[in-house]
Amino acid sequence: MTATATTPLQGSVTAPVDDRRRRPGRARRRSWPLTVALALCSLTVLAPLYVTLTMAFKTSEQSVEGNAFALPAPFNPASFAEAWQLTRFPVSFSISVGVAALTVALTLLLSSLASYAIVRYWSHRFFRWSFVYLLASMFLPFPVIALTEIKLTALTGLDNPLGVAILHAMFQLAFSVLLFSAYLRSIPVELEESARIDGATTWQVFWRIILPLLGPMIATVGIFAFLASWNDFMLPSMIVSDPTLQVLPVVQNIFQSQFGTNYNVAFASYLMAMAPTIVVYLIAQRWVISGITQGAVKS
Amino acid sequence: MTTTTTAPAAPAARVAAPARRRRHGRPEPIAYLFLVPALLVFTVFVVIPALVGIFYSFTDYVGFGDWSFLGLRNYAALLGDPGIREAYGFTLGFSLVTVVVAQVIALVLAIGLSKRIRFAAGLRAIFVIPMVVSGIVVAYVFNYLFSNTLPAFATAVGFDPLTSSILGNPDLAWLAIVVVSAWQTIPGALLVYTAGLTSIPSDLYEASSLDGAGPWRQFRSITLPLIAGFVLINTILGIKGYLGVYDVIVGLTGGGPGNATSSVAMTIFGGFTGGDYAYQMANATVFFVITVLISVLQLVVSRGRNIRL
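Just so you know, the sequences run in chain order P and V.
Start counting the first sequence at 1; every next residue gets the next number (my numbering).
Start counting the second sequence at 1; every next residue gets the next number (my numbering).
So that you can see chain P by itself, here it is in the shape it has in the complex (with noise of 0.2 angstroms):
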């Protein structure tokens, strides 16, 4: 350790991370057991997802001995196909895909309008108590008007994935509309008045200019309604009335009843469920995390 070499002092474990901090000349060295250290922590994230992706290409008579960390033998790829048929894998993964996306649009469309006016006539109370009216529902969670949803859904013939974009969308509104004006306000009203002078109609200057310089924050409401919709299971497994209409993630719990032993099936499941986005991630990585950060951060 970096701290033994100029203190003999025991037990300065932790300090050698400190260390760069203390002597700007060593700030190149970088640590090594801090790195390991993490390294471990990260297995409790890793070894979940290497169960699942064991676990899907075991035979049955394998999956049940619970040594879920083994590896598969002999090789199965069948699981797939019999999880492909009894999720119906191309119908739950289209509606969920759908409902995702039309959560998206409608939060983006709503939120980037409403944040727009409010931001800029923020000097009229209508605007602003509308800005106090939104957020409030910040601190509402959606069990306390779960009942009444579904009455509400029901009677208007919205119990189906449009009836969940629509709730989707509705409680990320407030999120949204929080981060997008926090935004706006940073934007210098000069840049759409010049517009103006120009003759621009505020339609004109909201698409031509506020838009495109909305684009970083587009992304983080995007990434955020994106993922709140996707991985839900609450609302749609509430909502949707016609089983055949599920999303992907409420069709899971079929293999928590009739097809109790058939963990390898299961698990292929699962790992069709969790890598299309898992993927998406790794690859868009770096622009998930800032964007996420961003969000996570205005809030």
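Hints may contain errors.
What the hints assert, rightly or not - Facing chain P, a subset of chain V residues (Cβ under 7 angstroms, in silico):
#	residue
1	P27
2	V52
3	R116
4	I126
As the list claims (entries may be wrong) - Every beta carbon over 12 angstroms from chain V, so not counted as near; a handful from chain P, in silico:
#	residue
5	P74
6	W84
7	Q85
8	P243
Keep in mind that the hints were calculated from the coordinates and are not lab data.
It should be emphasised that the depicted structure is a prediction, and the values quoted were computed from it without experimental measurement.
Glycine included, each C-beta is placed from N, C-alpha and C at the ideal position.
Since the structure of chain P is provided, determine the placement of chain V on it from the hints.
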């Protein structure tokens, strides 16, 4: 691009505000067109259902047909309902434990990742993965691990208390829910703390170590006070999320064994099948008030301690 436009813009926008107000003495009609659609759908799909629910909580409505006013009788019945009391006790206790566990781990990991280490970006990418996977699916995976792998492992090493699944043990099942909930929510908190840590100027640490401050002292006197606002945001959002816990419990225990891990959200949803609709609406209203009170309490406590948000 963002930084270059925003940094000098902030003061300019503030200066320009009065001028703008004068120019647009009255908002153009299109401004209302921008805002009203959002207000309208929001009112129809969120505010009205909430108000209707609160209204029915004062009645004996069963979900259909006739109803009559009961006044506060539903609320009085809630107080004397042992099942409800247990659900609140479990949910509050679970939320408190999980928020502490998750925040401590997230902060430790964030500090670790902010140091000069190898593969920092790769490790961070791994730690954030739980954020992009569905909670229910994760809970199903952990369900297998807790009920099959852990007992098999405990039997192999001869550790008696864990040889049977902890999900079937009324005293231990909640631990599994804490583990999986924390697993899922640590990444979000981690990213907030990472952002918080990078906002601390490094010369503060250099100056303090010249004065002889050790790592622990630096953490207590520099790091912690300067990221206090981030801790507050994380705990408020965290507790709000944990109070509504549902997916993870469905995937792990289904509220059992018995009712040992039945959360408030689960008892509310029971109202739709159980026929006590109005009663559970009263429960939902109480739950909402408690959620808001806890958030407000956290804000007030932090204000009192001069933590900037």
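Problem - Reported absence of P/P243 from the contact zone with chain V (all CB gaps over 12 angstroms) - result: P/P243 clear of chain V: closest Cβ-Cβ about 16 angstroms, beyond 12 angstroms.
Handout entry: Least C-beta distance from P/P74 to chain V larger than 12 angstroms
Key = 20 angstroms, holds
Handout entry: Check on P/W84 being off the interface with chain V, judged by Cβ distance over 12 angstroms
Key = Fine: 16 angstroms to the nearest Cβ keeps P/W84 off the interface.
Problem - Distance rule for P/Q85, whose beta carbon must clear each one in chain V by more than 12 angstroms - result: P/Q85 is indeed farther than 12 angstroms from all Cβ atoms of chain V, at 19 angstroms.
Exercise for the section: Report holds or violated for the interface hint on V/P27, using the least CB-CB distance to chain P and a cut-off of 7 angstroms. Expected result: Given a least distance of 5 angstroms, the restraint on V/P27 holds.
Handout entry: Interface hint status, V/I126 versus chain P (Cβ within 7 angstroms)
Key = Holds - the Cβ of V/I126 comes within 7 angstroms of chain P, reaching about 5 angstroms at its closest.
Exercise for the section: Against chain P, run the beta carbon of V/R116 and see if the smallest gap drops under 7 angstroms. Expected result: Holds, because the Cβ-Cβ distance from V/R116 to chain P comes to roughly 5 angstroms (cut-off 7 angstroms).
Problem - Restraint satisfaction for V/V52 [CB to CB of chain P, less than 7 angstroms] - result: Result: holds, 5 angstroms to nearest chain P Cβ.
In this structure, every one of the numbered hints holds.
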